[in-house]
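S.K.: Using the supplied hints, reconstruct the complex from the two chains, each of which is provided in its own coordinate frame.
Chains as they are written, first to last, in our numbering: chain A, 516 to 834; chain B, 1052 to 1441.
Watch out, some of these pointers could steer you wrong.
Stretches of chain B that chain A covers, calculated by requiring three or more beta carbons in the stretch to come under 8 Å of a beta carbon on chain A [what the hints assert, rightly or not]:
no.	stretch
1	1082-1092
2	1110-1120
3	1165-1174
4	1180-1186
5	1228-1234
6	1339-1350
Everything labelled a hint here was simulated from the structure, so no lab data went into it. From a predicted model like this one, the values you see are computed outputs, not experimental measurements. Backbone N, C-alpha and C define an ideal beta-carbon position, used for all residues, glycine too.
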Amino acid sequence: MNFTRRGWLAGVAASLAGLKTAQASGSNRAFRSYPGRLGLLHDSTLCIGCRSCEAACNNVNSLGPPADPLDDPSVFERTRKLSTRLYTVVNRYMPAQGRRAPVYRKHQCMHCNEPCCASVCFVKAFIKTPEGPVLYDPDLCVGCRYCVFVCPYYALTYEFNEPATPRVGRCTMCYPRIRQGLQPACAEACPAGAIQYGRRDDLLELARARIRKYPDRYRPHIFGENEWGGTSWLTIYGQPLATLDLPDEPSHAPLPTLITGHLSLAPVAAAIVPGLLAGIYALAHRRDEGLPKNGQRPTTSLPDSPTPAKKKDGHEPLA
Amino acid sequence: MNPSPEDRPRPRFPWFGATTGALLLFGIVLVVLRFVFGLGFATNLDNATPWGLWTAFKLIFVALAASGYVMTAAVYLFGRHDYHALVRPAVLSGFLGYTLFILILLFDLGRSWRILFPFLVQPGTTSALFEIAICVALYYTTQFLELAPAGFEWLRWRRLRKLAVAATAGLTVLGVLLSMLHQSTLGALYLMVPSKLHVLWYSPNIPLHFFLSSIVGGVSMTMTIGWLCQRVYAERFAVDRDQLDRLTLGLAKAGALALAVYVSAKGVDLALEDKWAALHSPAGAWYLVELVGFGLAPAALLAIAHREGRPSLARMGAALAIVGIVMNRLNVAVLMFNRNLPADDRYVPSWMEYGVVIFLLALAVMIFRLVVRRMPILAAHPDFRQPQLP
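This is chain B alone, in the form it adopts within the complex (with noise of 0.2 Å):
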């Protein structure tokens, strides 16, 4: 006889539900104070530094929703068909990173109702904030179009998932030009500002910086969250642990290639900057941090994960390159932003906009856990496994 859907394993968390419930609410009622009361109870923004920890979370969301288009452009472009399991889960990850990017964003306008205004109202062209708001929409968008296929194998609308599925070439590709240009113009926003931003951190080639350390940012996440499915979701991923370590391998030589990469240009723009005489003091030492101990690092972890089969040091090259990201963000938006300032009028985040990216994060995990277990992400649908017969 079939198990009954009673007969499920017992979960592993059982204090998930309370706790994810919990960090909602609490996130529901801190974005109505910070809507209610202004910007200026919730945050601790102020004129001399009216870009914050919620900036600095924007931009960690979109580094790290990368997998999505790294991971379509390496199936549906370079045609590595053997990691084809992981496109819809980093897919899902990418969109719900950027479902973040929007929802800070929203909380961080002074008015967020007029969000539309760039494009209804009247467009700034030349400014760089403009081409990451059509970039993110139709980026979004296009996101949302890849995940459809899972969402119409889901409805059973099969019609509707030919088309989508058709169509996804030309969406990887829009996904790959779209994320180069805004992963690119997040890093432009720092280029005008060479007397706030710290010299180590500041440099005409941010936007590169940006861009790379974004794929290098999507095979991480990748990593992780196929990790994090296998751990969580066994039962129901098409992969099994065995199949998943060989991927992650694989992943690993790409991810040590791309920090490598990075890691080479950021030498370079300290070369050609000039910055040496900068990495004597203690900025420079927190600096050589980042990129030696969060950025090298990884990548000889990456690279000999790879050469010696080990996909749990690959795993946890991979968390220190997440980590090397998540700190290169806050530095440049938060730590080494403003530093001329007297202490006295340095920015420190308050409570509440630390209470909101955490808010953020347990929503994303909710929804993931939500999708995952409902739609047809981490294993193909039944009814239409291939090969179709005609």
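Okay, chain A solo, but in the shape it has when bound (with noise of 0.2 Å):
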């Protein structure tokens, strides 16, 4: 390899210009949300576990009837969780200290504003509606499940036992009637006025309202507002999120800017290794020049070292 100081130098030039181009692409700046798009909100406090949500939300997917049967109040024992083929779940949690009646909560896919479903699928199968809600593409999922893996919420399930076609489960915000104008199945089957559809920034008012006017019956605090970067789905609640199964105070910055930084390595890496690399090659090989350029060399091991090159001026021959 022919290596001269002028190669050397206009190799760094060129790194350091792919360096700053790629400072200038990888930015960091959070989606803040397409504008007038809707979302709902979940007052916790007047949940009453009917479980009508279920109910409807796995009759407009085509789920079948919910697996534990919803004049069952002893499903309530335990922590039910989301399948592929329960979209939604209504789980009972233990009243906070002073107060007696059940609590419930209904859990499903927030929604996100930045999904980090989305970020991390390597097909694109999800995609961020403008509307609001998250969708999913089985025709181009590949099944790695990363979705699946990193969603903060465990909101996506996948199809284990389905050998030929296994698909990601999760709830759709019902895109489809919303998109007719109708309401999504669960709000419009909640008979207690637990679930509020609408657009997200109105929501964000009503929550806000009901908290100044009620301050006892609810935290002052509106959950998914600005949870890792916010959700469609809004939860007013009673008592502490950790004993609702809700994370408590996580950042504000979406999931997906915890990896951005390290992928816009990427370039910078291609713009500079290989220079460097080719500086190393030349330091290792600068005594190398005057023999035969054949790449490969005899497999018994060379001596130790070959004899020092002369020095000049006290310093040694660079290239």
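M.R.: As structure tokens, this is what we get:
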């Protein structure tokens, strides 16, 4: 490899240019979300645990009736989880100190503003629609389950028992119904008014008004407003988040921002590393310039090191 | 008279063929069951823990397959031609490591037949997995091309061999770049789950830690593979025991240095992220076992071995370092993941998951043996010995 000082300087200049470009493109601005998008507000203090939402959801998604019968209150004795046959689940939680009535909360995909499932999918099988819902395309899905792995709400499920066509199962925010101007099935089915559907900005106002009006009933916080960048599904509640199986004070930064810094290093590395390694090669082979260019060396070990090059003016020749 | 092929020394392990054959058959049955009945049948994976033992071994195989890029860089970039005899075994071992990675990935994917979708249908460029997919695909090709000279020598295709050899330096540079990217990004997969990975094993610097430990893995595996080849294939190996011992001591120095850097990086991480309080727990004790017992201790053993000229101590250090890397990947992917879940919901691998891993290891050993006995891996092909006269 014929290497000159000029060539090295050119390589460094190119690397710096590449670095500058990479810095300009790898920005970490959080997505502020589409204006006027829709959402849902779940008022956990109004939920009576009737599970009509589960029944309605299973109905519109053709999942069959929920595995646990609707009229059996003993199902609440254990914490039920989402599954590929149950896109939403209502669980009962221990009431906080000083209260006696049981507390219920509905859980489902939160349709995050900057969804990590969409960020990690290596075939872009998820999209965040302008209306709000995050959609999944099973025709692209390769089944890597990275989305299921990252979701901080454990909201995604996978058809592990389906050998031929396994898919991810999750709440769709009834996107086809929304497009027709209808409400999501759970919001329509709820008899207690615990689920409100509308524009996310309006729902935030509604939630704040309720919290202001009944300060003893609610905690002064809207879960989903800012957590991990915010979600389309908002929850107001009357007792500590940890007792409702929700994460307490997670970061406001969307989860994808935790990895964008690392991923943006790839073009930087591609720009710098070859030049660096070429420089190392030149340094290591600067005594070899007289030898024949035949690439391969004898397989037996060589003597330890060749005699050092003659020094001139006390300096070793550079290249 | 020349000895006939029948006069080879008796095989040292007569049970070898039967054992590997049985494991191969067992593995094929498991794989068929996995594809016929689905992942739910073959594994204990569930919605809370969709990645389990097979993911841990994907990480392990790649970390230990780093012998390829480490040795080619040492010889062709850093000019350490005294290690030349170890390059081909190291690259072969690395190539097999990535082969196992790809195989276990195919078993783990829900729809393996769609594995080319990110390249052919729709690339998800925001995904760390996409970067890994591209880098591994390119790196696998690079390693194959690095092995091509050996293959061409075996086939006696001189022109193509000359071409392949000329590409060596370029392939080495590409190999180091690609390895830096995907070794670190395999760690970056865990950046997005701070709430699910134990605080001692989670770090914003996990990509750096994975990359540094891959260097350790590469050096340690080269020492181990060299020793195994010397033990089993002494008659084929171009280096004799003394020469290998000298090379082992040199590698021990590199390994000690790499481990020292890795352990320091983790120490700095403990300080930067203020994790000291977390050390006062059973998990903390386990972390120290991994970091000190299988990180700092092998570093010391390798350094002492280099200084005192004790190759067997060096090999012990290498073995401990490999155990440390295996432990780290198992901790990150399985043991220290989702610890907040109630005990009933925690994941335990199924016997079939273990079975598939053992099957793949047996497969790798079989292929290594097959290639080494037929192709010029452990010694140069007699027709291509240097120097070539014009």
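S.K.: Does each hint hold? Answer for all of them.
M.R.: Hints and how they fare:
1. Under the rule that three or more residues need a Cβ within less than 8 Å of chain A, the assignment of the stretch 1082-1092 of chain B holds, with 7 such residues.
2. For a cut-off of 8 Å, the count of residues in the stretch 1110-1120 of chain B with a CB near a CB of chain A stands at 0, and the three-residue condition is violated.
3. Against chain A, the stretch 1165-1174 of chain B contributes 7 residues with a C-beta closer than 8 Å to a partner C-beta. That satisfies the three-residue criterion, and the hint holds.
4. Residues of the stretch 1180-1186 of chain B lying with their CB closer than 8 Å to a CB of chain A number 4, which satisfies the three-residue condition for coverage.
5. Counting residues of the stretch 1228-1234 of chain B whose beta carbon lies closer than 8 Å to any beta carbon of chain A gives 3, which reaches the threshold of three, so the coverage claim holds.
6. Judged by the Cβ-Cβ criterion of 8 Å, the stretch 1339-1350 of chain B is not covered by chain A as claimed, because only 0 of its residues qualify and three are needed.
The structure fails hints 2 and 6 (numbered hints given earlier, in ascending order).
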